[in-house]
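2 protein chains.
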Amino acid sequence: MKVSANFIPTLREVPADAVIVSHRLMFRAGMLRKLANGLFAYLPLGLRSFRKVENIIREEMDAIGSLEIKPTVVVPGEIWKESGRWETMGEGLLRVKNRLGADFVVSPTAEEAFTSLVRDELSSYRQLPLSLYQINTKYRDEIRPRYGVMRGREFVMKDAYSFHTDDESLDETYRKMGSAYRRIFKRCGLTVIPVKADSGAMGGSGSEEFMVESEVGDNTLLLCKACDYAANVEKAGCKPDYTVPASIEEAKAAATSVPAIEKIDTPHVKTIEELCGFLKTDAKKFIKTLIYKAVNVELDLNTAPGCSKLERKSPSPGAPAVYPAAFFAVAIRGDLDVNEVKLAALLKAGEVTLAADTDVERFTGAPVGFAGPVGLNSIPVIADETITALNDAVTGALEKDKHYQHAAYGRDFTPWLTADVRIVKAGDRCSVCGGELYEKKGNELGHIFKLGYKYTKSMNVSYLDEDGKSRTPTMGCYGIGLDRTLASVIEEHHDDAGIIWPLTIAPYHVIIVPIKYEGAVKTAADDLAAALERFGVEVLLDDRNERPGVKFNDADLLGIPYRVVVGDKNLSLPQPSVEVKWRSEKENRLVDVSKAAEELAGLVCAELEKLNS
Amino acid sequence: MKVSANFIPTLREVPADAVIVSHRLMFRAGMLRKLANGLFAYLPLGLRSFRKVENIIREEMDAIGSLEIKPTVVVPGEIWKESGRWETMGEGLLRVKNRLGADFVVSPTAEEAFTSLVRDELSSYRQLPLSLYQINTKYRDEIRPRYGVMRGREFVMKDAYSFHTDDESLDETYRKMGSAYRRIFKRCGLTVIPVKADSGAMGGSGSEEFMVESEVGDNTLLLCKACDYAANVEKAGCKPDYTVPASIEEAKAAATSVPAIEKIDTPHVKTIEELCGFLKTDAKKFIKTLIYKAVNVELDLNTAPGCSKLERKSPSPGAPAVYPAAFFAVAIRGDLDVNEVKLAALLKAGEVTLAADTDVERFTGAPVGFAGPVGLNSIPVIADETITALNDAVTGALEKDKHYQHAAYGRDFTPWLTADVRIVKAGDRCSVCGGELYEKKGNELGHIFKLGYKYTKSMNVSYLDEDGKSRTPTMGCYGIGLDRTLASVIEEHHDDAGIIWPLTIAPYHVIIVPIKYEGAVKTAADDLAAALERFGVEVLLDDRNERPGVKFNDADLLGIPYRVVVGDKNLSLPQPSVEVKWRSEKENRLVDVSKAAEELAGLVCAELEKLNS
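Chains as they are written, first to last, in our numbering: chain R, -7 to 605; chain X, -7 to 605.
Calculated from the structure, these hints are not laboratory results.
Be aware that a few hints might be false.
Between beta-carbon pairs, the in silico distance windows are [stated by the list, open to error]:
no.	chain 1	residue 1	chain 2	residue 2	range
1	X	Asp459	R	Arg136	40 to 50 Å
2	X	Asn29	R	Glu79	15 to 25 Å
3	R	Asn604	X	Leu603	39 to 49 Å
4	X	Asp459	R	Asn580	40 to 50 Å
5	X	Pro568	R	Ser605	53 to 63 Å
6	X	Tyr445	R	Arg526	27 to 37 Å
7	R	Glu79	X	Leu92	12 to 22 Å
8	X	Asp459	R	Ser605	37 to 47 Å
9	R	Ile135	X	Leu409	30 to 40 Å
10	X	Leu603	R	Ile135	45 to 55 Å
Only pairs whose alpha carbons sit at most 30 Å apart, straight line, appear in this in silico DSBU-like list of lysine-lysine [as the list claims (entries may be wrong)]:
no.	chain 1	residue 1	chain 2	residue 2
11	X	Lys461	R	Lys26
12	R	Lys89	X	Lys508
13	R	Lys446	X	Lys508
14	X	Lys168	R	Lys514
15	X	Lys89	R	Lys461
16	R	Lys26	X	Lys449
If you want a taste of the chain X side facing chain R, the calculated C-beta under 7 Å gives, among others [stated by the list, open to error]:
no.	residue
17	Phe(-1)
18	Pro1
19	Leu39
20	Val66
21	Gly69
22	Glu113
23	Ile127
24	Thr129
Don't be surprised by glycine CBs; every beta carbon is placed ideally from N, CA and C.
Only chain R is shown next, with the shape it has when bound in the complex (with noise of 0.2 Å):
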């Protein structure tokens, strides 16, 4: 393919609103332009690697033995009110009423549209393990799209769902996916980490996530110095730094030396910091409690203290029944957070957010700042399980200006819940060795999940089985974003000069530069050109009438991996020659021009095998 034939409006200038280096060279090296905020056309160029990944990620689901279908992008609002989520969902789905007033979303992921097509297909136990995938556009109106393809609105996504009798064969699936997407990232030359759910101590996973580094991640990860742990803060663990109790009569028989608790004056003192100060101590020793509100709040609250007259209510026809708001007390070690993730994990909460004042003062009796786990009975507490291990702690008195000493776990107090809530930080130690963690950004390219009965359940899907009884599949989840994919290729391999794409994405294998296209050279360049395309190599001709230098830079920015240069100089040497050099290196070399397709169809094959295998 020539330069002049193609469409390639490389820029010198950076986009004002380019902030990461995916997004300025995919617009310098003219592989894309923005439609609007978050919208995007890829040009030819662009195109050509978007289909390398989708090809890779494509001929991996086909390997597991996963079916490709398409759907449409536009999907019945019906079925999403069937899983509940038309109402859940929130601003992101795009919803749209058409000209006869029907429902209709444009598909931000098709969980609702695979449950729904099996449904109706799905009569034995013969017919599954199913797994079912597309490659098809989404859509999520983000508010804020940015970093280019990194976070649009309407992106691709390889989704894939898949429907089993029972757990083990779900397992087999899930470990099936997991492998494809360590080929998949492996063949788009990129290192991610994956990242479990509840990995290490825990044993078995629920879900795994596979992270790139990105200053602008949208995750934090925790990573530990020791071992291959990896673990997104929102759910990452660690090994507690105190000794839990092994009963609660154990924490009370610790708790029979300490002084007995004892309410004390703490006059205008509010903050952990500012108790810390007045009592010398240090926050280690405090009991923090923060109320929390939570909404659609599925766990059963039956036992709970003060809850006894909320009650269940169904947000929508077929989803499960939720208090629609309950309030919380959350006590944690004062050095520490809570981490809200876990804790609506734990509650199966749609949200929590802190309660706002008025809430706190009616539930605690007393101003913000002295609300403690002693004496509270108007709401549930929930204890991170830090608290277990302190039985001489200090905490709020549900009155002003007054604080309790000599606190003890199980004592003085006793939590309607224990649970790990807390966030999990930078020199926190490793769950599984004990290593010291540290932190990294990350985006997510990609999350394989159990999704368990879910969707089967709300969407009323059954089989019937050996003994012709009717049962309920079980479900996985399974997706890989295309544009983020490409665009964090480019992030792990560039240089200041452009991309350094990895053969298997390149929109080209090879770039020819003559010097002049015409002459001698013309004839070699289009003779390399042809040689090349015969051995199955995809050659870009920069037959455009430019200074060399420019061709050079631009050869660079569009970082195909190997550039050969075509010069009267060197076709005239006694051997005639032309110039090889490979993307990433500095070095170029003379190569016979007789011999040069060969050869560098050699290294070309020999590299796509590499990454291929």
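Starting from the known structure of chain R, fit chain X onto it as the hints suggest.
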């Protein structure tokens, strides 16, 4: 690929709403399922055939140098406002407001998106011609989607747009597209009828539609029994069955021997039929006059009778100024009907409809039934060309129960405009060769069209020519509907038992049917499948534990071109053999099992080559 590892839910029942054969067979063969009215999911088998159509189109577009890009499916409403189509596209355009209140469109076509992209990148004549295409999801909010994917709401279209400095360059790309389209349909095994907008006598053409015959087609075509003339009834012309005078003077001269025009009483006579009976003459002697209302008329009405008070307005910023509404009288020979598409094209109007009775009375001064061109000055009179040959005609006298007889064109009345606005019908004569025309119903699969400056002007696209002058490029657009093309292949290739795929579009080339998938039969079937796959042949192996009859019926329903039956009996012959049958033939033949793979691979290659040549 084994049938048991695939997902091919064949059906014996036909869905109730499936009235055409492709709809029925795509459902029965497990290719397609319905998500909602007009929204369909391709299942694995259907998607394989769909992708084959897609690849053929892509190869042929690439072969003529069109470059593939990928804009978004959801595009900003802003560019549709620029082109003026936000207002004029009607309710078929699916408009969406996002969470921030911005307007978007789920693209039904992409003139705006491509024009806006090119506008931003185009600077010099050196970049032209430029031909870009996409193969992407489209949405049209059909009120009555039907016939399966033949008229769905969401569909996939290949749409190309080309930009040029001059008409010669546009002509060249237009011709290349036309050839590519012929090749695409040939490779898909389709018989298409290319229909030029104004083919024949008129010379060059600005538009060509590629139609397939269909009982339920949206279009009526007129074809010549004697030559290859084909036209859409909307635009079809025919050879006159009358003599057109060379000038209005000649028409006047020819009327000298005709008696003077005379008003006669025609009590209670209104319709042409009643008049024919009353005057004992034939409808060809009458001038029928109809009053039309036209909206958004772009034609200049400066000199038109009764239009001096009309004002031009721009329906949206940037769109050309039009008369919001205007009325016209159309005079046509009594045996003919007015073609409203031709009339709208003549007036460059958004729409034309028959005027309300009150409007007819207002403009003609008489009740409905007495309109005529003689003395009608309140609105412009448009005469169909047939009228110019009438010099002794009967027509309405603009007065209740009165008609004129002996009315002569040129002597008694002079229309404002004369043009061809008749509906051509079966039995009329071909404008090229005079042969008899006949009618067919057809569906449009593709359309190539010289757009000219419509979008480049309204959206302000410009480039600098050789002399540094700013110029507007001219433009062409070229579409093919993929879903319709696939469905049309089935419409053309099927029998009572199922689909008969052309090899190029078949989901698999060969289906192997073991009589009982076990023992020696299983080994032979597996070996044959593996050998065929090594030759690059696509194989479906029916490993199900079903009766042979069920498997044979399904093989016929799926329409796989070659069927190989592997059974104990033939494997036990002195020359162990398998049965090979071509889907479209009744007879099968025995082939030596050791030579079956090579022979079949040879047949597959030869047939593919024939179709693709």
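Item to check | Unsatisfied constraints (hint numbers, rising) | outcome: Numbers 3, 5, 6, 8, 9, 12, 13, 15, 21 and 23, in rising order.
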